[in-house]
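Here the structure of chain S is known, so what remains is to put chains D, Z and W with the ligands in place on it, guided by the hints.
Now for the letters of each chain:
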Amino acid sequence: MANLEVKIHNLTFKNPVITASGTFGNGVEFDDFIDVNSLGGIVLKGTTLKHREGNNYPRMAETASGMLNAVGLQNKGAEYFCKHIYPAVLRYDTNVIVNVNGSTIEDYIALAEIINDLEAIPAIELNISCPNVKEGGMAFGTSCPMAEQVTKEVRRVYSKTLIVKLSPNVTNIAEIARAVESNGADAVSLVNTFLGMAIDAEKRVPRLSTVTGGLSGPAIKPIALRMVWQVAQAVKVPVIGMGGIMCASDAIEFLLAGASAVQIGTANFVDPQVSVKVIAGIDDYLQRHNFNSVLDIIGGLQM
Amino acid sequence: MANLEVKIHNLTFKNPVITASGTFGNGVEFDDFIDVNSLGGIVLKGTTLKHREGNNYPRMAETASGMLNAVGLQNKGAEYFCKHIYPAVLRYDTNVIVNVNGSTIEDYIALAEIINDLEAIPAIELNISCPNVKEGGMAFGTSCPMAEQVTKEVRRVYSKTLIVKLSPNVTNIAEIARAVESNGADAVSLVNTFLGMAIDAEKRVPRLSTVTGGLSGPAIKPIALRMVWQVAQAVKVPVIGMGGIMCASDAIEFLLAGASAVQIGTANFVDPQVSVKVIAGIDDYLQRHNFNSVLDIIGGLQM
Amino acid sequence: MNKRVGQLQLIKKIKLNYNNYLLEFKADSILSDIKPGQFVNIQIDRSPSTFLRRPISIYDVNYQTDTISLVVKIVGAGSETLTSTEPGSIIDMVYPLGNGFSQPKAGDKCLLVGGGVGVAPLYLLAKEMNINGIKPFILLGARTAEDHILLSEFNKLGEVFLTTNDGSLQVKGFVTDHEIWSNSLNFNKIYCCGPEPMMKAVAAKAAKLDIDCEVSLENLMACGFGVCLCCVTKTHDGHKCVCTEGPVFNIKDLEWQI
Amino acid sequence: MNKRVGQLQLIKKIKLNYNNYLLEFKADSILSDIKPGQFVNIQIDRSPSTFLRRPISIYDVNYQTDTISLVVKIVGAGSETLTSTEPGSIIDMVYPLGNGFSQPKAGDKCLLVGGGVGVAPLYLLAKEMNINGIKPFILLGARTAEDHILLSEFNKLGEVFLTTNDGSLQVKGFVTDHEIWSNSLNFNKIYCCGPEPMMKAVAAKAAKLDIDCEVSLENLMACGFGVCLCCVTKTHDGHKCVCTEGPVFNIKDLEWQI
Ligand SMILES: Cc1cc2nc3c(=O)[nH]c(=O)nc-3n(C[C@H](O)[C@H](O)[C@H](O)COP(=O)(O)OP(=O)(O)OC[C@H]3O[C@@H](n4cnc5c(N)ncnc54)[C@H](O)[C@@H]3O)c2cc1C
Ligand SMILES: Cc1cc2nc3c(=O)[nH]c(=O)nc-3n(C[C@H](O)[C@H](O)[C@H](O)COP(=O)(O)OP(=O)(O)OC[C@H]3O[C@@H](n4cnc5c(N)ncnc54)[C@H](O)[C@@H]3O)c2cc1C
Ligand SMILES: Cc1cc2nc3c(=O)[nH]c(=O)nc-3n(C[C@H](O)[C@H](O)[C@H](O)COP(=O)(O)O)c2cc1C
Ligand SMILES: Cc1cc2nc3c(=O)[nH]c(=O)nc-3n(C[C@H](O)[C@H](O)[C@H](O)COP(=O)(O)O)c2cc1C
Ligand code: FES
Ligand code: FES
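Protein chains in written order, with my numbering: chain S, 220 to 522; chain D, 220 to 522; chain Z, 755 to 1012; chain W, 755 to 1012.
By construction, these hints were calculated from the structure, which means they are not laboratory data. Idealized CB from N, CA, C, for every residue including glycine. Certain hints may be false.
Stated by the list, open to error - Restricting the straight-line Cα-Cα distance to at most 20 Å, the calculated cross-link-like pairs of lysine to aspartate or glutamate (EDC-like) are:
id, chain 1, residue 1, chain 2, residue 2
1, D, K422, S, D515
2, D, K353, D, E400
3, S, K422, Z, E972
4, S, K422, D, D502
5, D, K455, D, E367
6, S, K269, Z, D991
7, Z, K994, S, E248
8, W, K988, W, D966
9, S, K295, Z, D799
10, S, K496, Z, D991
11, W, K789, D, D251
12, Z, K767, Z, D814
13, D, K422, S, E248
To be verified - Label-pair restraints from in silico Cβ distances:
id, chain 1, residue 1, chain 2, residue 2, range
14, D, V424, W, I768, 29 to 39 Å
15, Z, G842, W, K766, 51 to 61 Å
16, Z, D787, D, N391, 36 to 46 Å
17, S, V247, D, S401, 52 to 62 Å
For reference, chain S alone in the conformation it holds in the complex (with noise of 0.2 Å):
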C-alpha cells in the first residue's frame, strides 16, 4: 500500500478521493454502499442560508457521455442543516466539507459564519459556479470582481479552510483563480458544471423545466482537465480536480496535471461504489509505477 495521504491547507485527507456536492447526499446514503470512512473527504450537498424547494421537474436530460442537472440547490436551509444534517454526519471519520450558495454577498457570509462554528466541520467549499440558480449562483464565479468580493467577505468571517469551487463557463479560469486566490481563498476546486441545453426534438420543447442546466460526466472531462492544468500553474494553493472522473485513470491524469485531489460526482450515480474503486486503483497504479506516495505524481506531467 502506497502513502496516498495529500494535505490541502492545514487539512490532512487519507487519501485524494471526495465526493462532490450534490452528487453524494449527505454521505449517509452512501452507508450501504462503501465505507464512507475510506474516503479522503465528502462535500455535502448545496447548501444555503434558507430552505429552497430547486427548481421544477423534469431537472435531468441524459446526454451523450453525461448528464444535464438543473436542481437549482434544493435544501433545507441552515437551520435544519445545524439540527439534522450536521448530527448525522458528526460520526464520519473523514473530512465533512459543507458546499456553501447564496444568491448575495449577505447569504453566503450569514451561512459561513454559521458553518464557521460547527466544530467538526473542518472546511467549507464556496460555490460561486452554479448555473441552476436565477439569482446569483454562476455570475459570483464568471466575473472577477465578484469572485474576489465575495471571496473576501467570506474570509472575514470564516477561519477554517475556506475552498472556493471555480465555474468552467469563462474565458479565463486562471484569472478567476488568481482572484480568489488573492483574496483568501486556501484551495481552489474546479470544475463545477458547464452550462448546457438539451430539446426534445420530437416535442420540441426544452428537456429541463429551466431550459439550460449544467453539463457534468465523462462528456466535460478534457475540458475540467485542461482548466485544471492551467489553474494548477497559475494559483500556489491547492487545487481539487474534478469532471468526469469515472475511474482511478481518469483521477491520475488529474493528480498528474496538478491537482493535490480530485472529487468525484456524477460516477457516484453510475456506480455508488466508484469512489472506494477509484482509491483503490490510484494505489494499484503507485505501487505498478513504483511510487511510495502519491504526492509524487501530483503535477507528474512531462512536457
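Here is chains D, Z and W with the ligands on its own, set in the frame of chain S:
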C-alpha cells in the same frame, strides 16, 4: 419532400446542412461516398495566407464521445489554394465556403481580399476561434475588441457573405456575437472546438504534441446547443449551429434553438455519409410533423 | 434490508409481445427484503446514449430461488439493449430501491389499475394480497388487444377487467371508462401504475369516490437512491424524491390538479 | 476503385493465440481493387471509448469469394469488442484505404520483415509476389514463441526466419539481430511492418546496406481518408497523411533519425 431551402444573408442553400471546416477536406475526398452537390454547402479546410506545416504528431486523442485535435491549420496557403484547390471545387453545384484564418489582422485581410476575387466562392467563414495555433486564432474570438476589429477590417475588403465563426471558450458568447454583428458580419457560425486536454496516465505525458487541443463531437453538443440558443436570441443575423451533430435529430435541435443552418464536423469521420443522411432525416421529420418548410421549425422551440 | 450493487445473471427471457419482454434474473443475494412496488436500477452498458442506469419495477420475486423478474418495454436505446441481452449474461443492478406499496388491511376490497407496462409492479402486489387472503380486482388498460400482456398471470390472482383504446378486447376506451367504476363495488383501496395521464384520471375518480389511492410514478432518475434530487415530484410537503420517498405515493400527498 | 462504406458479414473467427484473432468477412462489393498494404477502417460501436473507427490492415483477400481477412490484436476496448463479435454479425467498414506496397520488379530479391501483429499486411504482399514468381524471404520477430502467429501460412509463401526476444523460438533477440542481415543475400527490396522502434531499426539496417525499403506506419487516425490531417508523419516534403499518402512509405522519404 418538404421545402428544405434556407437563406443565409443573400445566399440560398438547398438545405440547411453544411459540412464543417477541417472535417470535410476540400470536398473531393467525399466524392467516393456521397454526392457533394446534394449538400446545402461545404466549408473547406482552414486556409491561411502562407503555407503552414501544422503541429507535430500526435494531433488527435479520442475522448468520451468526442475527440481532441491539434492539427494547427496545416494547409498550403492562398496561392496553392487558388491554383489547385479552387479549380477542383469549381465543378460543385453547392455553396463552397472558404474558412479564413490568420495570425494577425493583416493576414486575415490579405487572405480575404484574395478569396474575394474568386468568383465561385460566395462566402467566407472568418475563423477567429482556432484553439490550435500559437498566434492569433482563438485570441481574436475570445476578446470583444479583437473580434470587433478583425471583423471590421475584413468587412472593409470582403464584399460577399461574411460568416464569422465564434469560439465557445468564452464567458459570454452572445456578447461576442453582437460585437461581430455590429461590425459587419452577415452571419455567425458556432461553435468551434473547446480547448481541452488529455493525458496518457501510464506514460505521464500529454496525448497531444501541443498539450491542449480542440474538443469536438457529441460530448460538446449540450454546451454548443445552449450557445446557439443564446446567440440566436442576441443577434438578428442568421446563426449557423454546430457541435456534436451526429444525426438528423441533433440537427433539428439546433434548428429549433434558432439556427438557420447547421454544420456537421466530426461525424463525417465516423460516417462519411452522415451529411446526406441528416438531410434525409430532416425531410422525414418535417413530413411526419406536417411542416411544409424547414423554415417552420427554425427557432421553433416552445418555451 | 440494504440497498446493494449486485451482479445478476439473466436466466430466462420471454418475449411477451412485439415490444415487451419478461426477464428473469438469478440474484446474488437473498431477496426476502424486497417489497411490491420497489424497483431495480440497471446498468445497461456505458454507451453514450445509456450512460445512466435505467430504473425498472420489480414484477415478481421468487423468494425461494432468489430470482427477480422484470417486464421491459422497448422505448429507446437502453431498453433495446437490455432486452437483446442473452440469457447467461451478467447484469449490474442497484436494488432494491424505493418505498413500495402500502399493505392493505385485512378485508380491504382492493382495485389494482394498470396501464401498459405499468402493470408490472402490480403483479407482486397482487401475489402478496393473495397470500394475505385478499383477492384484488384487477383493471388493466392498453392500446390494443396485442398490447395486453401477462393476462393469464393476473387471472390467477384476481378478477381481471380489460379495456382497449381501440375496442379490440373487452371494453373500448380508457380504464376510467370501464363500468367497474359505476358498479357499487365499494373499494377501500386503489393501487395504480401506468402512464401519467392515466394515473391522473384514476386519481380523479378515486378522489371523487373518496377511495384511498396509491400511484407509482416513473420520473426521470439519475441516481435512483436519493442523492441527485433529479426525480422530484411536488407534494403538499414540497418536492419529494420519487426514488426514495416514492415511487409509490398516496394521491392525497401529491400536488396533482385533479 | 472507389473507397466505400460497406456492411461486411463476419463469417469466420479464429483465435490465433492468447490475444490475436483472425477475422474473415464476406464483403458486399467486388474486391478486385484491393492491394497489399491497404487497410479498412472499422466502426466498432458508438460507446464513449470507441467513438472513432479503428484502422486494421488487410491480411488477406479472396478475390473469388469476395472475402477479406484481418488479424486483430487485443490492445484496448475497440479490439476487444471487435474480436468478441460473433460470426454472422454485420460490421461497418470504410475500405479500401491507403496506398499499399509498391510492386517489386521481376527478379527482385525481397525481404519481408514483420513484428508482432505487423506481420498482417505482409501476407497479401507475399501472396502477390508468389503469383508474380517471386519467393520472398520472410523474417518475423515476436516477444516469445507464443506470440508468433500465422507461421504455417507464411511458410507456404517463402523461406521464413524467426526471432524471439526471449529466445523461445529460433534466434534470440530482435529481427535486426538475425544473421540474415550479415549473410550476403543481396536483397533489392525490404518491406517492413511492426512496432515503430523495430521499423526504425530495420530502416537503419536497410539504409546502411543501401537497400530500398518500405515501411507501413500505424499513426493514430480520426478519419482514415485524408480529411482530418491528424495522422501525419514528417517527410522531406513536409507533413504527409499516413492514411492516404501511406500507410506505406519509402524510408528515403521519411524524416527518421536513423
Ligand atoms: C421507478 C420506475 C419504474 C419503472 N418501471 C418500468 C418497468 O417495469 N418496465 C419498463 O419497461 N419501464 C419502466 N420504467 C421506465 C423505464 O425506466 C424507461 O422506459 C427506460 O429508462 C427508458 O430507457 P431507454 O434507454 O430505453 O429509453 P430512452 O432512450 O432513455 O428514452 C426513450 C423515450 O422515453 C422517454 N423516457 C425514458 N424514461 C422515461 C421515464 N422514466 N418517464 C418518462 N419518459 C421516459 C424519454 O424521454 C424518451 O422520449 C420505470 C421507470 C421508473 C422511474
Ligand atoms: C494503418 C493501420 C493499420 C493497422 N493494422 C492493424 C492490424 O492489422 N491489426 C491490429 O491488431 N492492429 C492494427 N492497427 C492498430 C489498431 O488500429 C489499434 O490497435 C486499434 O485501433 C486500437 O484500438 P483499441 O480500441 O483496441 O485500443 P485503444 O483503447 O484505442 O488503445 C489502446 C492503447 O493502444 C494505443 N494505440 C491505439 N491505436 C494505436 C495506433 N494506431 N498506434 C499506436 N498506438 C495505438 C493507445 O494509445 C492506447 O495506449 C493498425 C493501425 C493503423 C493506423
Ligand atoms: C445532480 C447534480 C447536482 C449538483 N449539485 C451541486 C451543488 O449543490 N453544489 C456544487 O458545488 N456542485 C454541484 N454539482 C456539481 C458537481 O459537484 C461537480 O462539480 C460536477 O458535476 C462535475 O463533476 P462530475 O463530472 O464528476 O460530475 C452537482 C452536479 C450534479 C450532477
Ligand atoms: C480535425 C478537425 C479539424 C478542424 N479544423 C478546423 C478548421 O480548419 N477551421 C475551423 O474553423 N474549424 C475547424 N474545426 C472545427 C469544426 O469545424 C467544428 O467547428 C467543430 O469540430 C465542432 O463541430 P463537430 O462537433 O460537429 O465536429 C476542426 C475540427 C476537427 C475535428
Ligand atoms: S434519482 Fe436521484 S434522487 Fe431520485
Ligand atoms: S486519419 Fe484523417 S487524414 Fe489521415
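Quiz item: Given the hint that K269 (chain S) pairs with D991 (chain Z), does the C-alpha gap stay at or below 20 Å?
Solution: 16 Å, holds
Quiz item: For the pair supplied as a hint, K455 (chain D) and E367 (chain D), is the alpha-carbon distance within the 20 Å limit?
Solution: 16 Å, holds
Quiz item: Between K496 (chain S) and D991 (chain Z), is the straight-line Cα distance small enough, at 20 Å or below?
Solution: 38 Å, violated
Exercise. State, for the Cβ atoms of D787 (chain Z) and N391 (chain D), whether the hinted interval 36 to 46 Å holds or is violated.
Key: At 52 Å between Cβs, range violated.
Quiz item: Taken at face value, is the distance from the CA of D502 (chain D) to the CA of K422 (chain S) at most 20 Å?
Solution: OK: K422 (chain S) and D502 (chain D) at ~17 Å, within 20 Å.
Self-check item: Holds or violated: K422 (chain D) to E248 (chain S), with C-alpha atoms at most 20 Å apart
Solution: 37 Å, violated
Self-check item: Proposed proximity, D515 (chain S) with K422 (chain D) (alpha carbon, max 20 Å)
Solution: 14 Å, holds
Quiz item: Do the alpha carbons of K767 (chain Z) and D814 (chain Z) lie within 20 Å of each other, as the hint requires?
Solution: It holds: about 14 Å lies between the C-alpha atoms, which stays within 20 Å.
Practice problem: Determine whether the Cβ-Cβ distance between V247 (chain S) and S401 (chain D) falls within the hinted range of 52 to 62 Å. | Solution: 54 Å, holds
Quiz prompt | Pairwise hint evaluation, D799 (chain Z) against K295 (chain S), where the allowed Cα distance is 20 Å at most | solution = Not satisfied, since the Cα-Cα distance of roughly 35 Å exceeds 20 Å.
Self-check item: Agreement of K988 (chain W) and D966 (chain W) with the hint, judged by alpha carbon distance not exceeding 20 Å
Solution: Within the cut-off at roughly 19 Å; holds.
Quiz item: Taking the CB of V424 (chain D) and the CB of I768 (chain W), does the distance hold inside 29 to 39 Å?
Solution: 36 Å, holds
Taken one by one, the earlier hints fail for this structure at numbers 2, 9, 10, 13, 15, 16, listed in ascending order.
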